[in-house]
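If you count the sequence shown from 1, position 222 lands on 221 in numbering that gives the first Met the number 0, and the numbers rise without skipping.
By construction, these hints were calculated from the structure, which means they are not laboratory data. Cβ coordinates follow ideal geometry from the N, Cα and C atoms, glycine included. Among the hints, a few may not be true.
[As the list claims (entries may be wrong)] Okay, derived cross-link-like pairs now, DMTMM-like style, lysine to aspartate or glutamate, Cα gap no bigger than 25 angstroms in a straight line:
1) 338 to 298
2) 114 to 321
3) 165 to 222
[Claimed, not checked] Distance windows between CB atoms, simulated:
4) 370 to 327: 17 to 23 angstroms
5) 166 to 142: 22 to 28 angstroms
6) 213 to 41: 26 to 32 angstroms
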Amino acid sequence: MNPAQNWKNRTMWTGDNLHIMRGMNSESVDLIHLDPPFNSKKTYSAPIGSQAAGASFKDFWTFDDVDRLWVERQRDSDKALYHVIEAARLTHGNGMAAYLCVMAQRLREMHRLLKPTGSLYLHCDPTASHYLKMLLDSVFGPENARNEIVWCYRGGGVPKKDFARKHDIILRYSLGPPTFNVDAVRIPFSEDSTDRLKYTARSFRKGATYDTYRPNPKGKHPEDWWVMQPIMPSSKERVGYPTQKPLALLERILQASSNEGDMVLDPFCGCATACVSAERLGRQWIGIDISQKAVELVESRLQAAIDELKLYHPGAVVHRTDQPHRTDLGKLPHYTTHKDALYGLQSGFCGGCGEHFLKRNLTVDHIVPRTAGGTDHPDNLWLLCAACNSSKGTRSQVEFLRDRISKRWEVPAWLLSTRGGDRLFEARG
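Start from the sequences, fold in the hints, and give me the full structure.
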């Protein structure tokens, strides 16, 4: 196991990917592929009788799904991200804003997990691609947007009053100059273009020839539009998962942006196509999914392809439901020892109600609870007064604390008014 990784190769987690990623070491992943929900306002279920029967997920979002205190804190710590969410709410509605809140927390963790040469490929459709691109710009920086790849395909079903919608979007981002193996993903030239380009001179000024172009014998440098058919209903590759992607699509991504032995993460792994592709190409991999079905599918798919796999053997997949514990922070002192530093950072004000107190009247508390993957690192700690600290967990005191915080921070009504608003002040460790 790589010292940077606090897990084993071929690990499949069942659980909330946010909590699991919070426990993973920083700069430990070479490539992240995610095919998350798109806010399509549908519920997807695998058909009865298919390999994936029993797998389902909802793709509609409300503020009941959102950690509202986290969103509120972005108003000070990351204004760009906060305003992307607010703009989506004003333009598209609360459902899109809630969806972006859910995605923003997870993208932040993915940014932390990537190595400096790593890449992230986010698969989406036109429902949310433009909002997700703004979200990624705010997390990774617009200068690190590498490509907007258009995956084109054909198929039945066309609208009567619109052009047929036959493409998805794949947004590719990095932290800096990324791994990019173009020779591994070159595509064949057409016969006529090969003949035409064989001795073509390229001229940039009248009468001046600067060089000649000969086609690369390995093939053509791919454009950012990929023509690949989705999995046909009769294909042996199909397992019945409602949003299953073809292996060929994932293999192009993995070959272009990772090397043999690199670590690949799919935090919404579904039927585990990215994990299967990684195994076929000699990469390490980990997957996370909310459904137990993902573990069954990756094992059955790898077992079915065992004759063509070099390193996999039955029983190699590790199934975990716990949260990993970070080992890259060193031995942290007990969280209460940070009281003096936190008191200075907060200037003596309670993080909840905003009232000023003497140090002895404030208590060190976790922002993200340890049960949700939070650590004892100072970045995850704040000071609360006794009244705010004891307000967590009961409705009447929650209402009191909500009122105090809203007066101090001018919390927007959309964070407080919908059903489930108590989540803003759920127990925090």
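Consistency of the hints with the structure:
1. Distance hint between residue 338 and residue 298 is unfulfilled; the C-alpha atoms sit about 48 angstroms from each other, more than 25 angstroms.
2. Of the pairs offered as hints, the one joining residue 114 and residue 321 holds, with about 24 angstroms between alpha carbons and a cut-off of 25 angstroms not exceeded.
3. A C-alpha spacing of about 18 angstroms is found between residue 165 and residue 222, which places the hinted pair at or below 25 angstroms, so the restraint holds.
4. The beta-carbon spacing between residue 370 and residue 327, approximately 20 angstroms, falls within the hinted interval of 17 to 23 angstroms.
5. For residue 166 and residue 142, the Cβ-Cβ distance of about 26 angstroms falls inside the hinted range of 22 to 28 angstroms, so the restraint holds.
6. About 50 angstroms separates the C-beta atoms of residue 213 and residue 41, a value inconsistent with the hinted range of 26 to 32 angstroms.
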